[in-house]
Amino acid sequence: MGKVKPFLIKKGAEASLYLAEWHGRKVVVKKRLPKKYRPSKLDEQIRTYRTNHEPQLLHEAKKAGVPTPTIFLIDTKDDAIIMEFVEGRQVKQLLGKATKNERQSVCLKIGELIGRLHKHGIIHGDLTMSNMILNAEEKIFFVDFGLSEKTKELEARGVDLHLVKRALQSTHFRFSKECFDAVIMGYSKVLGVKNAKSILDKVKEIERRGRYVAERKGEQE
Amino acid sequence: MKMKRTDESYCLGIESTADDFSVGISTFNGEILANVISVYMPEEGGIHPREAARHHAEVARKILEEAFKKSGIKPQELSVISFSQGPGLGPCLRTGATIARALAAYLNVPLVGVNHCIAHIEMGKLKTGTKDPITLYVSGGNTIVSAFDSGCYRVFGETLDIALGNCLDVFAREAGLHQKVGMPFGAVVEKLASKGEKLIPLPYTVKGMDTSFSGLLTAAVNLLKKRQYKLEDLCYSLQETAFSMVTEVTERALAHTEKKEVLLTGGVAANRRLQLMIKAIAEEHNAEFCVVPSEFAVDNGAMIAWTGVLAYKHGMVTPIEKSFVKLRWRLEEVEVPWVR
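Residue numbers (my numbering), protein chains in the order written: chain L, 26 to 246; chain R, 10 to 349.
If we strip away everything but chain L, and leave its shape as in the complex, we get (with noise of 0.2 Å):
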């Protein structure tokens, strides 16, 4: 490994992310801390697991045409990943400054990269919008595939969207509906109308399997 002069930018719940520099590159390490609340024997197995199989799933989301870091080492021992640093903003930070306008054309284009990831097969598992970058070339960077799998189940896929509606109700609660539905005409528009129908429906079924939901099996009051 290089010479990593590393700067804590980010202590996630998972992992710390620290700034870095690795043979002349800005570069993100990524490294998930063992968690003394759980058993030791838990904790090795969901860090090493999420540590080997997140690059991979970055890798594979570059090949469906979405953009990620690229992966420059991943070292087992540590529990560490070693990745491009992209500058730029979380989507979390701006949605809320930004116009109408500018939101609409945000959140269509995050739809649509949903919908390339889910028609390839990969499902991100952490969709808020503190995992997407938006750099200066206005190009929109999905980051942390810690909780992704590789299925074309129609649950899981459902699953992915309610979290981007869930995290679009708790932190963007003022828009979050127009946001959603830009977010499903973008995701409409890769995987075809009919597909993204049938995937919505199940995301209305996940919800009403939730525990309070009001039109659970149409009860009446």
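What the hints contain is simulated information worked out from the structure, not anything from laboratory work. Glycine included, each C-beta is placed from N, C-alpha and C at the ideal position. Careful, some of the hints might be misleading.
To be verified - Straight-line distance between alpha carbons at most 16 Å, and here's what the computed EDC-like set of lysine to aspartate or glutamate pairs gives:
| hint | chain 1 | residue 1 | chain 2 | residue 2 |
| --- | --- | --- | --- | --- |
| 1 | L | K56 | L | E109 |
| 2 | L | K66 | R | E206 |
| 3 | L | K202 | R | E341 |
| 4 | L | K66 | R | D242 |
To be verified - Quick look at which bits of chain L chain R covers, simulated, 3 or more residues with Cβ under 8 Å:
| hint | stretch |
| --- | --- |
| 5 | 66 to 77 |
| 6 | 134 to 142 |
| 7 | 166 to 178 |
| 8 | 221 to 230 |
Unchecked claim - From chain R, some residues computed to sit far from chain L (all C-beta separations above 12 Å):
| hint | residue |
| --- | --- |
| 9 | Y49 |
| 10 | M50 |
| 11 | E67 |
| 12 | E75 |
| 13 | K78 |
| 14 | G81 |
| 15 | V118 |
| 16 | M192 |
| 17 | Y213 |
| 18 | N231 |
| 19 | L232 |
| 20 | R261 |
| 21 | E270 |
| 22 | A279 |
| 23 | E304 |
| 24 | R337 |
Assemble chain R onto chain L, guided by the hints.
This is chain R only, laid out in the frame that chain L set:
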């Protein structure tokens, strides 16, 4: 017995969302004068809504009388009646609502319908002194990670299927364990788990900030039936896996919102192991960890009374014709003008 008189105002709250029937009395300043709880415990199987509702109707009079006696308050001194309007089991909710309506009409005082999940959070804040926490609310019916933002409590994560407490309860029943008053299934499982040593691999399901326990429960029950493992080890593994899942999503919400307090409430909050786990992540993010005392973490009338006070002070009353129960009333649908 508390003898608080003078010009103080009081609210009586009725809780009846599931297996508990409880009456609490709170002053307008948040002093809890009474919190009487009666738990319906079925001989076997889970909660039958109709049977639970029958229990509530049968004990209501006794519990009300006890609450008045304990608080030293006469019915005529009450300024407001509040009740759990939802979410919960229909027959149980209706029983509580009916009693609340009757009391309010008889005493000619306003009625306030309270959201049960909000009441858990508000009571937690009152009892722990937290101001703006990330709340992990885990019980037999709920598994919710929420925090306040712009006028409402937002749900950051929740279970996609069954609740954490439900998962533990069903497993305990399948294992032929028995619960009694003061020793619910969760405590029985916790005790066995404390003697477990071997971690048996079980499905660990975290999706974003959501969790799922049904696959975990099925896997654990299947292993139980194979009789291959010690029950202690199974309880230990079930607890460790399920708790690790909720702890991971709570930590995600904590990292995401950067709040400075973590509040643990609901029936499962009494579990020491879960407390340790949540405490560990709070410390890691320099947040304060608070757990709600058991009496006020389980379903209780005091939390309904106190939340009724908060709502009433902000002009929120529920006319009788709008007091129908809401079985699936989500907490983010409720305006909470009393927060900031």
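#### Entry: 12 Å cut-off, C-beta based - R/E75 kept clear of every residue in chain L
Nearest chain L Cβ is 30 Å from R/E75, so the label holds.
#### Entry: Exclusion check [R/E304 not at the chain L interface, CB over 12 Å]
About 24 Å separates R/E304 from the closest Cβ of chain L, which puts it past 12 Å; holds.
### Query
Is the nearest Cβ of chain L still more than 12 Å from the Cβ of R/E270?
16 Å, holds
### Query
Taking the minimum C-beta separation from R/E67 to chain L, is that value above 12 Å?
Fine: 24 Å to the nearest Cβ keeps R/E67 off the interface.
### Task
Determine whether the non-interface label on R/A279 survives the test: each CB of chain L must be over 12 Å from its CB.
Holds, because the least Cβ-Cβ distance between R/A279 and chain L comes to about 18 Å, which exceeds 12 Å.
### Task
Decide if the proposed pair is consistent with the structure: L/K202 and R/E341, CA atoms, cutoff 16 Å inclusive.
15 Å, holds
### Query
R/M50 clear of chain L by more than 12 Å, beta carbon to beta carbon?
22 Å, holds
### Query
Minimum Cβ separation between R/Y213 and chain L greater than 12 Å?
Incorrect as stated: the minimum Cβ-Cβ distance to chain L is 7 Å, not above 12 Å.
### Query
At a Cβ distance under 8 Å, does chain R reach at least three residues of the stretch 66 to 77 of chain L?
With 4 residues close enough to chain R, the hint holds.
### Nearest-CB test (12 Å) between chain L and R/G81
The claim stands: R/G81 keeps its Cβ more than 12 Å from every Cβ of chain L (closest is about 37 Å).
### Task
Sort out whether R/D242 lies within 16 Å of L/K66, counting only the CA atoms.
Holds. L/K66 to R/D242 sits at ~14 Å (cutoff 16 Å).
### Task
Given the hint that L/K66 pairs with R/E206, test it: the Cα-Cα distance must not exceed 16 Å.
Holds - the C-alpha atoms of R/E206 and L/K66 are around 12 Å apart, at most 16 Å.
Violated hints for the displayed structure, listed by number in ascending order: 6, 7, 8, 17, 20 and 24.
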